[in-house]
Amino acid sequence: MLDWNKLLSPKRLGLEDEVVRTTDVRSQFQRDYDRIVFSSPFRRLQNKTQVFPLPGSIFVHNRLTHSLEVASVGRSLGNMVANGLAERNENISPNLLDSIGTIVSSACLAHDLGNPPFGHSGEKAISRYFEEIDKNNLSAELTKAQYLDLTNFEGNANTLRLLTHHFTGRRKGGFALTYATIGTLLKYPCSSEDFANGNCPYHKYGVFQSEIPVLQKVAEELGLISYNGGKTVFGRHPLVFLMEAADDISYQIVDLEDAHRLGIISTAEAKKLMFDFFDPINDQEALQDLHESLRDITDENEQIVILRSRTINKLITDCVNVFWKHYDDIMNSQYFASLTDGLEGTTKKALENLSTLAIEKIYNAREVIEIQVAGHRILSELLQEFVTASLQRQKDKSLYTSQLLRLLPSQLIVNNEDIYTRIFSVVDFISGMTDVYSLEMYRKIKGISFTVIR
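Position one of the sequence shown corresponds to residue 1174 (my numbering), numbered consecutively onward.
Quick caveat, the hints were computed from the structure, so don't treat them as lab data. It cannot be assumed that every hint is accurate.
Claimed, not checked - Calculated lysine-lysine pairs in the BS3-like style (CA-CA distance at most 25 Å, straight line):
no., residue 1, residue 2
1, 1297, 1521
2, 1179, 1390
3, 1179, 1445
4, 1390, 1377
5, 1521, 1377
6, 1522, 1297
7, 1521, 1445
8, 1521, 1498
9, 1317, 1404
10, 1534, 1444
11, 1184, 1390
12, 1534, 1521
13, 1297, 1534
14, 1522, 1445
15, 1534, 1617
16, 1445, 1184
17, 1308, 1345
18, 1297, 1317
19, 1521, 1444
20, 1404, 1179
21, 1521, 1308
22, 1308, 1297
23, 1297, 1184
24, 1534, 1445
25, 1297, 1345
26, 1522, 1498
Please build the complete structure, drawing on both the sequences and the hints.
Here is the structure:
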């Protein structure tokens, strides 16, 4: 069984010899939270698509606002579980127990940092480029495992890389986060090769080949259970389930709110979808209170805001109940579903109905599809230009190639002749772009838009 005192390790990746101070005003985990908030990748989330195109006359959620809301939900989930652990008299240091909400919240803040421009379609665009469009015959230049990292590009794995990779000129350990926060971020602790071979118990992978040593180090420090002899597949940290639930709850409900504001979903339909989460018999008191809160509200958007708040609150409570129901399996790394998958009754049916509607009306809305198609074209063209230049830099001494590579940030310039390393420096560059910047870069290198210097 997993040990909470190991799972909540305040040691920092890359700074293992540093003395952990317990007398500071901020705990080590609060430092993680602050470090993420003040980082450049976090700020860039404000100009990355969540679902709907940015910007517009009606402000919808972007990756930044989504991450902040997920962090808020995650903090509540973490605090509720911490209270439950205290009631169970688990042998956990009080300082560590009080930090669980902060740890989950920090992981939630960072969970989308590795997502490329244009939402999840950006991941598919990168994968599609390497699998279908690339003209450099990379499959012959890379190992099977390395090639899988590219042809099945995964934003979760990219988040781990962004937070832990030793980029040129930067400190070891990347963000040097605590092991507990990194563990809570490891949604799918297995490699792309294990996933492709069917050796991974998850529906995605979460670690590139370049970060396997980090995975092994984190797993050893936290005492994660290994599924293949301590190599590349491990059981989840228990707090991962809370981070994942916070994300699931937030995007499902908030995407509905955005769709309502954009007129894609009617007020009546949105209200019914959220009222359906409350059982007429078991949730009578909550329903009565909800109706009273809505009685004097005539603004339809405000009605949806109140319903959204109460629905999220109910889902938080229900997901914590699922956590305790499967607690022993979770602590033995034998529970493989998400907490939202474990919901039952009215809540389960309501979430399924919402998911079905989201696929039909939200994720396939015309404006969503348009930006996804544009994203495929933009990212494919950028990858073709920069990957080709990176591979040919020794052979092609042209001014164009050298100037193109000068556009890479200094921390992404590598002298390593390893092809996998060079390609990933390009992927790091493009996946880190905002939607607007990627469009600007596309226009500039295609000669569509440029500034004349007089």
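Here is how each hint holds up against the structure:
| no. | hint | verdict |
| --- | --- | --- |
| 1 | 1297 to 1521 | violated, 29 Å |
| 2 | 1179 to 1390 | holds, 13 Å |
| 3 | 1179 to 1445 | violated, 45 Å |
| 4 | 1390 to 1377 | holds, 21 Å |
| 5 | 1521 to 1377 | holds, 23 Å |
| 6 | 1522 to 1297 | violated, 29 Å |
| 7 | 1521 to 1445 | holds, 15 Å |
| 8 | 1521 to 1498 | holds, 15 Å |
| 9 | 1317 to 1404 | holds, 17 Å |
| 10 | 1534 to 1444 | holds, 16 Å |
| 11 | 1184 to 1390 | holds, 12 Å |
| 12 | 1534 to 1521 | holds, 20 Å |
| 13 | 1297 to 1534 | holds, 21 Å |
| 14 | 1522 to 1445 | holds, 13 Å |
| 15 | 1534 to 1617 | violated, 35 Å |
| 16 | 1445 to 1184 | violated, 47 Å |
| 17 | 1308 to 1345 | violated, 34 Å |
| 18 | 1297 to 1317 | holds, 19 Å |
| 19 | 1521 to 1444 | holds, 17 Å |
| 20 | 1404 to 1179 | holds, 20 Å |
| 21 | 1521 to 1308 | violated, 46 Å |
| 22 | 1308 to 1297 | holds, 18 Å |
| 23 | 1297 to 1184 | violated, 35 Å |
| 24 | 1534 to 1445 | holds, 16 Å |
| 25 | 1297 to 1345 | violated, 30 Å |
| 26 | 1522 to 1498 | holds, 19 Å |
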